[in-house]
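Line by line, the protein sequences give chains A and B. For the first sequence, my numbering assigns the number 556 to the last residue and increments by one with no breaks. For the second sequence, my numbering assigns the number 106 to the last residue and increments by one with no breaks.
Keep in mind that a hint or two might mislead.
[Unchecked claim] Pair by pair, the computed Cβ-Cβ distance ranges are:
1. Thr442/A <-> Ser47/B: 33 to 39 Å
2. Gly314/A <-> Glu74/B: 23 to 29 Å
3. Ser457/A <-> Ala72/B: 45 to 51 Å
4. Lys504/A <-> Lys56/B: 38 to 44 Å
5. Ser47/B <-> Glu336/A: 57 to 63 Å
6. Asp532/A <-> Glu40/B: 41 to 47 Å
[Said to hold, decoys possible] Interface residues of chain A toward chain B, partial, derived using beta-carbon atoms under 8 Å:
7. Met440
8. Thr441
9. Thr442
10. Arg443
11. Val478
12. Ala480
13. Glu482
Just so you know, the hints here were simulated from the structure itself, not pulled from any lab data. Even glycine gets a Cβ: it sits at the ideal position worked out from N, Cα and C.
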Amino acid sequence: MELRGKKAIVTGGVRGLGRAMVEKLLENGTAVTVFDLNAAGLDELRKEHVNCVQCDVSDYEQVLKATSQYHEQFGAADILINNAGILYSEPLIKLTSEGVAKHDAGMWNKVMAADLNSVFYMTVCVVEKMMTTRTRGVIVNISSVSASGNAGQSAYSAAKAGVNALTAVWAKELGPMGIRVIAVAPGFTDTDSTKDAVSEAALRETVKKVPLRRLGKPAEIADGVVSVIQNDFFNGKVFELDGGLIV
Amino acid sequence: MDAKVENLLSEVLQMPASGITDDLTMKDVDAWDSLKHMELIVALEQSFEVQLSFDEIVAMQSVSAIKRVLRERGVTG
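Take the sequences, apply the hints, and build the full model.
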């Protein structure tokens, strides 16, 4: 897909990887709309001529309303990047000073809502419009190398494995209509959310396991996202960008 | 065009061509669900070199409706 002149929605585009993707799309002449919760961040983005929608993409009612307004204004999107989510780490059973504690069930639900439900909500609303207008669009789901099972990340790993499964299902369902569905799975990247969710010591240990001995840069992940959008034969697969962490 | 449509339906729905009659509808065939319908649409589009609108796709829920829409789109041969 040629990016120039196309319309893209990026969820969670205010900061981190999402922001890098927004910048890369803008450089390529794509009209970008960001769906994000962060009102202050959206105000900043508006100054860069980015259309901004405040929306909690883990809430189906909000997604229905926001996508409907988007479609009224712009018609069908050509590209949807499901990037919004929470990076969260917690062992299944924790040892604490008071003994043992279970993984917080509330956090399990919150992560599944933000990282998996949101992908379903956004995609079902955006693809419906693509289909009814016969738009040959692209859905990019931001997954993670954790989808294969990362110790200490029950909810995050399960949600990302779900994202990979949805990518395969939707690629098969929507491919005949010319809609491609792709996942991009970054390894550990140099973002605030990585630093917030993973301890410095754990991150140092992880970097030692990466053949390139460093974290990924957001711009490198954004480059990967743009590449898979542009390649019209890439479909239904997970594009891993992890510096060789999983080989 | 009629025979070509019937052969395509027979192939996609995996049922004998003799069973593909004009009054056959999606409701009559278990295998003719929405996913199969999209497969059928793609086969029709490729075979007759047309791009159908979504309204047309929704309307094509019987053999007679498929033939009617294709005729309206100028498909003859």
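Against the structure, the hints:
1. Thr442/A <-> Ser47/B: 33 to 39 Å: 38 Å, holds
2. Gly314/A <-> Glu74/B: 23 to 29 Å: 25 Å, holds
3. Ser457/A <-> Ala72/B: 45 to 51 Å: 37 Å, violated
4. Lys504/A <-> Lys56/B: 38 to 44 Å: Violated: the Cβ-Cβ distance is about 57 Å, outside 38 to 44 Å.
5. Ser47/B <-> Glu336/A: 57 to 63 Å: This hint holds: roughly 59 Å between Cβ atoms.
6. Asp532/A <-> Glu40/B: 41 to 47 Å: 43 Å, holds
7. Met440: 6 Å, holds
8. Thr441: 4 Å, holds
9. Thr442: 7 Å, holds
10. Arg443: With Cβ-Cβ at 6 Å, under 8 Å, it holds.
11. Val478: 11 Å, violated
12. Ala480: 13 Å, violated
13. Glu482: 6 Å, holds
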